[in-house]
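Asks: Chain residues, written in single-letter form:
There are 2 protein chains.
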Amino acid sequence: MFKIKFLPYNLEVFASPEETIIEIAMRCGIHINASCGGAGACNKCKIIIEEGKVKGEVIDNNFYKACQTFPLSDLRVRIPVESYIDKRAEFLKPKKKASFLSKEIEKLPEPPFKKLYLKLQPPTIEENFSDWIRIKYTLEKEKILNPELNINILRKLPYVLREKNFEITLNLYYDLRKDRYYLIDIESGNKVSQNLGVAVDLGTTTLQLELIDLNTGEVLASISDYNPQISYGEDVISRIEFAKRKDGLKILANSVKEKIGFLIDEMLKATKKNFDSINLISVAGNTVMSHLFLELEPKYLREYPYTPVTTEFPLIFAKELGLPFKDSTLIQLAPCKASYMGGDIVAGIVASRMAEEEPLTLFIDLGTNGEIVLGNREFLICASCSAGPAFEGGGIKNGIRAVSGAIEAVNIDPITFEPMILTINKKPPKGICGSGIISLLANLFKVGIIDKAG
Amino acid sequence: MFKIKFLPYNLEVFASPEETIIEIAMRCGIHINASCGGAGACNKCKIIIEEGKVKGEVIDNNFYKACQTFPLSDLRVRIPVESYIDKRAEFLKPKKKASFLSKEIEKLPEPPFKKLYLKLQPPTIEENFSDWIRIKYTLEKEKILNPELNINILRKLPYVLREKNFEITLNLYYDLRKDRYYLIDIESGNKVSQNLGVAVDLGTTTLQLELIDLNTGEVLASISDYNPQISYGEDVISRIEFAKRKDGLKILANSVKEKIGFLIDEMLKATKKNFDSINLISVAGNTVMSHLFLELEPKYLREYPYTPVTTEFPLIFAKELGLPFKDSTLIQLAPCKASYMGGDIVAGIVASRMAEEEPLTLFIDLGTNGEIVLGNREFLICASCSAGPAFEGGGIKNGIRAVSGAIEAVNIDPITFEPMILTINKKPPKGICGSGIISLLANLFKVGIIDKAG
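These protein sequence lines map, in sequence, to chains A and Y.
full-length UniProt numbering applies: residue 1 is where the first sequence begins, and numbers increase by one.
full-length UniProt numbering applies: residue 1 is where the second sequence begins, and numbers increase by one.
The shape of chain A in the complex, shown without the other chains (with noise of 0.2 Å):
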């Protein structure tokens, strides 16, 4: 075993000489950028090896690659900062209403979880139904038919409808293509104002999160961060190669779920909410970050004929996926259409109720993978492609995510050809990003340095 001590932080680790730099990283969670999920190919996880001895390829201004260097000995390894990005956890200013309502739409969706108080008359000699049909009887009467319940529930259910002498609060799920009802847990008393969710944009790049008065409407906080599952590869291909190591698909899972519940957490304690009232979880993301975050096999997802595992995902208890909420809270996915038209764009055309008007409308998703909708009420089609990455990595040498000292602006002067150019926070050039890539080729074209072919 050899001590490895990663600057700038500072960190000491013991490794054997048959872990690769980055595999030493990942499980002491320092991160190193790897687009190409550790095959060695994109050259994006350059580590500086300022102390002791290593097995690897040594690349420009002798760095080392991390995903193809083995310790020798104990080492001294910097992380230079293009390789790494901040991690921070971002807040964000919550608006009054969910955020992804491009215009003020008056009546908001009825939201698919919600809770029911019901006053029961307690049982008499006469009329003495069990606890459940007492319930299933009076739920009738509110079109509810044949909910769908569990064991747990009627565990508990004696305790809880004599707590406060028959007066309860159900909290249902209905899901709407199925018209079909879930008990999902039954409260003592009335506690319908205890009805929080969690709306997760499950980006590749990012995530972005709002907790949400399922009441109301009303957004309470507003979070962002990094996807981590970038650790593992950059673009939705290098981690479904990624998903194909040893346990792979479980901390690609994993990762992005713990992260998921550290910021729901970061956000109820700004709001001072309680954990227990966080019913729902609401995801919507591509189609291959739906199946890593639910450990479904993506792998042919890549392979001819590109199939997904399914476009549609059950209902499933947060707690079966290893989250730590309350055995009752739900976790539902946004369907998917296609394997390269996920979840997050169904989300965006239901949100923006593109499908029921009139007007022509064109929806665009340009994140690391970018997807437009363009349709009305009577029809929609859908084409997706590579966006981000495929612009600051793929094919361009300096290259980088819009971070501070990423170039986001150029200009090029039409007499003397000389550039002048922008950087995010206005720190020294590090790379260009893509905003800085458009606006070049923006002006290239504008000067008549380049022409429509490129």
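There could be a bad hint or two in this list.
Said to hold, decoys possible - With a straight-line Cα cutoff of 30 Å, these simulated BS3-like cross-link-like pairs (lysine-lysine) come out:
| hint | chain 1 | residue 1 | chain 2 | residue 2 |
| --- | --- | --- | --- | --- |
| 1 | Y | LYS136 | A | LYS299 |
| 2 | A | LYS178 | Y | LYS191 |
| 3 | A | LYS250 | Y | LYS319 |
| 4 | Y | LYS178 | A | LYS326 |
| 5 | A | LYS244 | A | LYS397 |
| 6 | Y | LYS337 | A | LYS141 |
| 7 | A | LYS136 | Y | LYS250 |
| 8 | A | LYS191 | A | LYS269 |
| 9 | A | LYS244 | Y | LYS136 |
No lab work stands behind these hints: they were computed from the structure.
Take the given structure of chain A and dock chain Y to it, following the hints.
Replies: Relative to chain A, chain Y alone:
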């Protein structure tokens, strides 16, 4: 700690002075009758202290009540024959058709569990639906819409589908009352022939099980044994009382589940059938037995106004109940009608088809509890009462179960009034069982010793 030796078993265990003899016996698997659940009321748990000192009340002939007696030293305890029963499982000669059918019925009812073999078209680039949607569309052609499914099926789906080139067998459960399908499991290739079910008559005193081929309805094996919950109380009321103790409900549930698992195993061994072919375990018991089996609180069944937790039971996986079957083995419980009109009677009415026919039928189930149902296709009325132990134990000092040595027939000489008795297995008389009491009463009436008023 004292050393306690149980005779005639020659079993020695250590025990603390805080444990009653019946508690010590229970934890080492020795059966002592206890009609009242250890309340000290029934005097059935008589033991003889052959050696050592105890704290406890001496009853007739130097017996002690095991439920009220604590050790004060090392002991030699004898369990007299009337305090235990033979626990050996009994194989029955299986009938070719399900034994609940009193008359030949040509067409058996459709079982709720079926296997469906599908040969799917493998995906092409033109038709690259997700794996699940491919199955779902095929099921829709069979009029099976939106079945419930779970994440475990999705996790193995892509491998199972590709193992035999998209030939699969679906395991489906159909809930008639909800008109809803559940996808329980998926297997590669054609596995339709491996489809066994077990029917369990969950009696208060006796368990009777049948191993059934769900494709043909053929009964492959039949077995019966005592319900081991007898050790904790002979009738439903004593067991409800026992369930109030710490872990009492769990102990009752585990004891009967363990015995059912054991009896199924015995039937499989005897028929050389594969354990993993068991897909459905169908249980019918009275309302209290159903509650104890599922660990549902039974105490409100005893308290005014006598309400069960539920009379309908959700579908449940055997593994959720801790039973050692494969992940997809299902358990269904027959629905009950009321607190003392259980699933066993409902199952009997369904099986006899009395509710479909014109002639008025009287259906009698005489067990530890007795229920009668009168009716036809137009109406059904029912009533219930105590039966077996009400004769054997309740008010009868020498009442015993129908064990060897129990008086089962009595004749009285009409001139001398001299009685003549017959015992089971012609052993010296130890007490009188239910049929003996009926025989005695009939003869007392015949010779004019008692009249209609008793």
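Asks: If a hint holds in the structure, say so; if it doesn't, say that too.
Replies: Each hint, compared with the structure:
Restraint check for Y/LYS136 and A/LYS299: the C-alpha separation of about 21 Å stays at or below 30 Å, so the hint holds. In summary, the hint linking A/LYS178 to Y/LYS191 is supported, as the alpha carbons are separated by about 29 Å, within the 30 Å threshold. For a cut-off of 30 Å, the pair hint linking A/LYS250 to Y/LYS319 stands: about 23 Å separates their Cα positions. The straight-line distance between the Cα atoms of Y/LYS178 and A/LYS326 is roughly 29 Å, inside the 30 Å bound, and the hint therefore holds.
Between the alpha carbons of A/LYS244 and A/LYS397 the distance comes to roughly 28 Å, so the proposed pair stays at or under 30 Å and holds. About 21 Å separates the Cα atoms of Y/LYS337 and A/LYS141, which keeps this hinted pair within 30 Å; it holds. Under the criterion of a C-alpha separation no larger than 30 Å, the hint pairing A/LYS136 with Y/LYS250 is consistent with the structure, at around 27 Å. Between A/LYS191 and A/LYS269 the alpha-carbon distance is near 21 Å, which keeps this suggested pair within the 30 Å criterion.
A hinted pair counts as satisfied when its Cα atoms are at most 30 Å apart, and A/LYS244 with Y/LYS136 qualifies at roughly 27 Å.
Hint compliance for this structure: every hint is met.
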